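> Those protein sequence lines, which keep their order, are chains F and L.
With our numbering, letter number 119 in the first sequence gets 119, and the count goes up by one each step, no holes.
Take any residue in the second sequence, note its place counting from 1, add 1000, and you have its number in our numbering.
In silico lysine-lysine, DSS-like type, Cα no more than 25 Å apart, as pairs:
(1) F:K221 x L:K1010
(2) F:K39 x L:K1172
(3) F:K233 x L:K1010
(4) L:K1228 x L:K1070
(5) L:K1172 x F:K34
(6) F:K221 x F:K233
(7) L:K1010 x F:K133
(8) L:K1076 x L:K1227
(9) F:K76 x F:K87
(10) L:K1138 x F:K76
(11) L:K1070 x L:K1227
(12) L:K1227 x L:K1138
(13) L:K1138 x L:K1228
(14) L:K1228 x L:K1076
Source of the hints: derived by calculation from the structure; they are not laboratory data.
In this text, all values refer to a predicted model and were calculated from it rather than measured experimentally.
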Amino acid sequence: MVSPDVGMPDCKDSGPGSYEKGGVVSMDTQTFRKMRRYKALYILFIPIVLYLLVFTYYPFVRGLVMSFQENRLIGKRPFAGLSNYAKVVADPDFIASIVNSLIIGVVDMVLYFVLALLLALMINEIRSSTMRKSIQTIAYIPYLFSWAVIGGVWALIFDIKGLVNAILGFFGQEAVFFLAETSLARPLIIGMGVWRSVGYFALLFSVAIVGIDPTLFEAAKIDGASRLTQIRKIIIPSLSGTMKTIIVLLSIGVLTHFDEIYVMVNPANRRFISTLLLYVYETGILNFRMGTASAGATLVMIGTVLIATVMRRLTRYDEE
Amino acid sequence: MAHQLKRADKLPVALRIVGGVLLVFTVVIMGIPMLNVLAVSFSESAASDAPGLVLLPLPPTTEGYSFIWKHTDLSKPFFNTVYVSIVGTVLHVLFASLAGYILCQPDLPLRNVMTSFILLTMTVPNELTLIGIYAVNKDLGLINTYTGLIVNGMISGFSVFLMRNYFSTIPKSLAESARMDGASELNIFLRIYLRLASAGLITVGTLELIRRWNNITLTVTLISDMKKWTMPVVLRWILFDQSSTSGTAYIFANAKMAAVVLTAAPLVVLYFFVQRFLTGGALLGAIKE
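Working from the sequences, and respecting the hints, build out all of it.
This is the structure:
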């Protein structure tokens, strides 16, 4: 189970008893009568099952099978044992993309979390609700953008004649070719991610802060607790559920960075930002070495499950 | 006492100043680049390539827009994207509400099995089955077709459970009394549930529309034919690739930024219409990513 199973409360009026019984096929007359009454729903569920079998379950199995087969475009693909896995693990490009994925993925995860939490706490201290909403909206808007749009925004402001170089020039610094500067490749990709996502995750925190029982603050005020104490003792602890959800959510995404890399990659920065999924995509879709690519994808899957499990344990996500 | 209460409500002055400065800094970092892009897109060609910061194009002109629209034949990818996004979203919402409604029946026999069947699809991020998805779509003849872009992702567990949650807030007594009056299950679904869960439909629909409009991964996996690309992929090509294609004219910054605005604007406009729904479904939407 990799995905966080939050936000999916059961239907309100079904007691825990009825839910547990739902899976047991007790062939009494009452069950039959119910099944007949719901006949239309069962029939309507069939296309959903078929769809998911063809477009979700089968591709997963298909990828797994291909990872054990030789790379062939047409005809039968002979069984190849673990040779694809051996090839992938020995490929320096794959190893480099593991390093890139981990650096970009982990730093992004930490920055999204910390900066969004800080932003939400600061926004919460603003008195005027119009001001609060405006700042929230401005920070949220980049999350609506495709990675290509973000790439366009960054290409403009980090251009040799762009905004950032104008500021550097103002301070007497020399202009920098940011997008070709290899040492800045990773920081730029990470910065793009933060710019796009921080407002979104801050909004998730803000929603949770608004949901805190106001009587807690009243009581704290009567006890003479300062605002700082209120933040430390009321707001932060109340956010623990949201924090866990966001951490688990982000941990699933650590190894799946693709779009921003696909948009920004060029011969100069490739060595520093090419991630695992870009490797899988280029190997399988562009170069048609689908067995090798599938083996890579399977390893990424295992890595993702591993990271998610560790984060679940660390945050004690499944407790409570 | 009153004085004390007031003080208990605010942070120390130093912290408030730091917080204020950081907030201004955030607004500048988020807002100025967006303004810059918008301003450059409305600048004249030569002015748009001049160094420095432009926040107000003088005189404002739409020549960047008309150039990029004609030069790269942008109407085609634009309306392609509109088509695949809207058709895909409508189908997605339809199936999400149908499945959500079915799984919401409290006394439906086998419901547990059916729920697990959908839950299981959420355990592996879609991107990780890229190669399998390509192979299956190839077998079905969906490579380089809009149908492929529409059909893939038509049902997602996240949307199904989101819809189920919205349906679960509708009192069951409504369905019961309609059933007594002899209404069919399909009619109860269409006439009562869909109508009362419109907030849910809008939330799921908007999240899906944003996802589809912006999608790059699936598009570059299924579509290798440039003529069938969607806006984000064409935009990437305009921004970073077209210079390597011989025989194309130089594209000024105003035209490039016009393409950026054209890709982003529809979703920003949509956002302001449905903002209140999105905030409500924000946390639920989180698990969609």
